[in-house]
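J.: So the sequence lines, in the order shown, correspond to chains A and B.
Just so we're aligned, residue 1 is where the first sequence starts under my numbering, counting upward by one.
Just so we're aligned, residue 1 is where the second sequence starts under my numbering, counting upward by one.
For the record, the hints were derived by calculation from the structure and aren't laboratory data.
Don't take every hint at face value.
Said to hold, decoys possible - Straight line, CA to CA, 30 angstroms or less: simulated BS3-like cross-link-like pairs of lysine-lysine:
hint, chain 1, residue 1, chain 2, residue 2
1, B, Lys259, B, Lys307
2, A, Lys416, B, Lys465
3, B, Lys164, B, Lys186
4, B, Lys243, A, Lys463
5, A, Lys164, A, Lys239
6, A, Lys186, A, Lys345
7, B, Lys186, A, Lys345
8, B, Lys126, A, Lys259
9, B, Lys307, A, Lys164
10, B, Lys345, A, Lys259
11, A, Lys186, B, Lys307
Take a look at the letters that make up each chain.
There are 2 protein chains.
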Amino acid sequence: MKAHRADGLSAFFEPASVAVFGSLNDSAFAIGNAFGVIKNMLSFRFKGKIYPINLSGGETMGIKAYTNVSEVGDAVDLAMLLIPPRAVPAVINQCASKGIRAVIVGTENFAEAGEEGAALQKEVVKIARRSGTRVLGPNTLGVLNPSNGLITTPYPLYYDSVMKGGISYCSQSGLLSFGACPLKDKGYPISKMCDFGNKCDVNEVDLLNYLAEDSDTRVISMHLEDIKDGHAFMEATRKAVVKKPVLIFKPGRSEAGAKAAASHTGSLAGDNQIYDSAFRQAGAIRVNNLGEFWEIPRVFSSQPLPKGNRFAVIVGSGGSGVIAIDTATDVGLIPATFTTSTVRKMARLSPRLANNPVDIGPVSVTASDPFSVFEEMIPIVLADGNVDCVTIGCMGTPESVDVFRRLKTHLSDISKPITIFLWGTDLQIMEESARQLEALGIPTYLDLETAVKSLGVSVAYSKIKLRAER
Amino acid sequence: MKAHRADGLSAFFEPASVAVFGSLNDSAFAIGNAFGVIKNMLSFRFKGKIYPINLSGGETMGIKAYTNVSEVGDAVDLAMLLIPPRAVPAVINQCASKGIRAVIVGTENFAEAGEEGAALQKEVVKIARRSGTRVLGPNTLGVLNPSNGLITTPYPLYYDSVMKGGISYCSQSGLLSFGACPLKDKGYPISKMCDFGNKCDVNEVDLLNYLAEDSDTRVISMHLEDIKDGHAFMEATRKAVVKKPVLIFKPGRSEAGAKAAASHTGSLAGDNQIYDSAFRQAGAIRVNNLGEFWEIPRVFSSQPLPKGNRFAVIVGSGGSGVIAIDTATDVGLIPATFTTSTVRKMARLSPRLANNPVDIGPVSVTASDPFSVFEEMIPIVLADGNVDCVTIGCMGTPESVDVFRRLKTHLSDISKPITIFLWGTDLQIMEESARQLEALGIPTYLDLETAVKSLGVSVAYSKIKLRAER
């Protein structure tokens, strides 16, 4: 099936050259244009060549503009179109003639806007199928690839880089994309991102196939409002989950939500329970909200999979231990029972330390250096043969970051997944500490329950992978 | 019942003078002491008098210290004790003799630490009961009252003020208190806060009774690991919910969690389902996690109660509208159907605007000033007779804050609850915008689902209040 080939997709994420069609006006009232895209690509230090295409020609930000893509002497891999809807079909034909195999149609007012737009979108699909040029969109911000600095959104961003890592996010809404999330400040370790838009040609199946094979992607987190071809989706998911976890955030659970989705995407959202069982059968893991869509994947970007579901938690207050154990039980983890050897080692530090949750609060307030208690305790808990995964709660400060910097080699050697939960009284210091820990390769959360739940999802995926490999 | 009087409690929150017992050592390795408390009270500009009490006398930060509280000439309303456990009983007796009716025992190592500590705690209770002096703790950070600058934690904070407002938070763990949360940065509008500690005397029933009568408190959000007296708790809750909502976060839902709670507080956590039905019967609303404990109360601090459950949402992307409607349905709201008059007014702005969710995205990208579309749309939606409550999603920037500053009078006149959800690409700008909107009296969330859920909880409380008043 032509529409589900993965091969055409690498040009969307790894182009050596990009043609950007649209206005080069840099006034504040025309920011959603080609100028905006090129500005973002320059600030992200895109490693390939950029060719602005505009009827007026000239140049922008020191880059020569062409009046027609056919004038560009070199090969062009990807085109980003921010031109009026009616001009789109002809320009895709020009792109195809130039040998461009990947086109993003950023422009709005296609199928989502009524009958006229829908007819135009059909024409786009026809051209795509006939020419073999793949089309992402319309009505999309396009793609992001931090490895080569590719970013195709025309809107101004307050950041000029994101952390490189193993998460690939795909979504069917600008809200869940690089245009509406503080990606850099949140420190998400990102491999690729894709905003599907109207999915007239390139869709979730193509992305699943492509990202399953992409060696930089360790986890796929996908927001979907509808699924174009259920059978192909199931097949692509089944193949992907052998290699990496697929997390799905699919709103429209309620009848009212499904109706809202239908009116907005122009496609039927379908029965929620059918989706639920399809996801389960295919091995996708459904996440429940925006926070989980963004945060849960962190654990897969850097951590090994757990060998079992025996969970330990190290905290600085008894109350947080109770919340952690509660959440763990909700997500299929069981509290680990420490070996006598572990209990003995802990008791040497303090007679009150032999339980799980390990509450180091009472010990650390009397210690000359409270962080040294953490540094001693973490390896003891991780080495326990009865422990499969660990959440560590600690204060979000530079001192905590230093502890984990010193433990880094030890943590990789032990090969058990951990997550960190940070607390504190200064949000900026907490956020900066979280980014630094994430950069060290440790999934770090400002929310205790999500730190624990991520490990539960990690256990769930281990089981799916085992089943899929059989 | 003496233990459940509310009267003794005002001295804990409105003292004209506070005696702080403990070390006045200001070295970095002795921060959890009287010096730390006084330092925090000075930086919060406590409006009353402070009397440091320390065997060595002298002075600290320009304040004269006394070797015994009996030497203080004036009356003392509240004492904060950070002295070794064994010294506590005698000092409480001294406080009682001095006429102090409220004592906070900050020191750890009482019932939570084993038999010896438990015996000592019993002695404390005996003295409290005999003398009529109320005791909060032991093992507590104490209280916070932003109205008079009272703060009793001995640990360093990264903030020196919090926003004044209508939320009173009570918790049984330092993690959910002013010592481990960036209260100022999060912009919670706070009336009072109390860390229960071991609850040897003052407990959740006292606080419910006190806060129900406190005119600055518009909502009570309470974290509980156990309940000392179920009958009294039910009675106090029933009385409180006639006046204001009571939100309860009670972990220990799982058997393992309950066990962890028991080992940490030394009290039995009890069966989860019994708690569930007791809360429901008494009219308390149970929240499910740390995020909800902190965030849901915002809506009650400033907003009127909704007259019904008909919900509208104004968003900048179709995808977020679907998520909002889905969440709304989950929490008992129903999507409002706009009147023909509203539909006509909207259609004048754009033919694509007549639906709920109101997706202004397509209109605002082509508008010369995208924020003016918001400013026109909000009053139209709020005025609709079929709409009871509204969530508004917008970019977290100074321009959005300006829109709501201009609409402020209009919003209060219309008397329907609204919540704001902010999105954006710069976290600090988003957080600053959220604080400014909260200061304007509009509950503001960085999470779409919580913004919607808060309105659902508001509807739930309306029903509880109606039932309770009958």
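J.: Each hint: holds or not?
T.: Here is how each hint holds up against the structure:
no.: 1; hint: Lys259/B <-> Lys307/B; verdict: 42 angstroms, violated
no.: 2; hint: Lys416/A <-> Lys465/B; verdict: 50 angstroms, violated
no.: 3; hint: Lys164/B <-> Lys186/B; verdict: 13 angstroms, holds
no.: 4; hint: Lys243/B <-> Lys463/A; verdict: 50 angstroms, violated
no.: 5; hint: Lys164/A <-> Lys239/A; verdict: 25 angstroms, holds
no.: 6; hint: Lys186/A <-> Lys345/A; verdict: 37 angstroms, violated
no.: 7; hint: Lys186/B <-> Lys345/A; verdict: 40 angstroms, violated
no.: 8; hint: Lys126/B <-> Lys259/A; verdict: 63 angstroms, violated
no.: 9; hint: Lys307/B <-> Lys164/A; verdict: 49 angstroms, violated
no.: 10; hint: Lys345/B <-> Lys259/A; verdict: 23 angstroms, holds
no.: 11; hint: Lys186/A <-> Lys307/B; verdict: 38 angstroms, violated
Going down the numbered hints, you'll see the structure goes against 1, 2, 4, 6, 7, 8, 9, 11, while the others check out.
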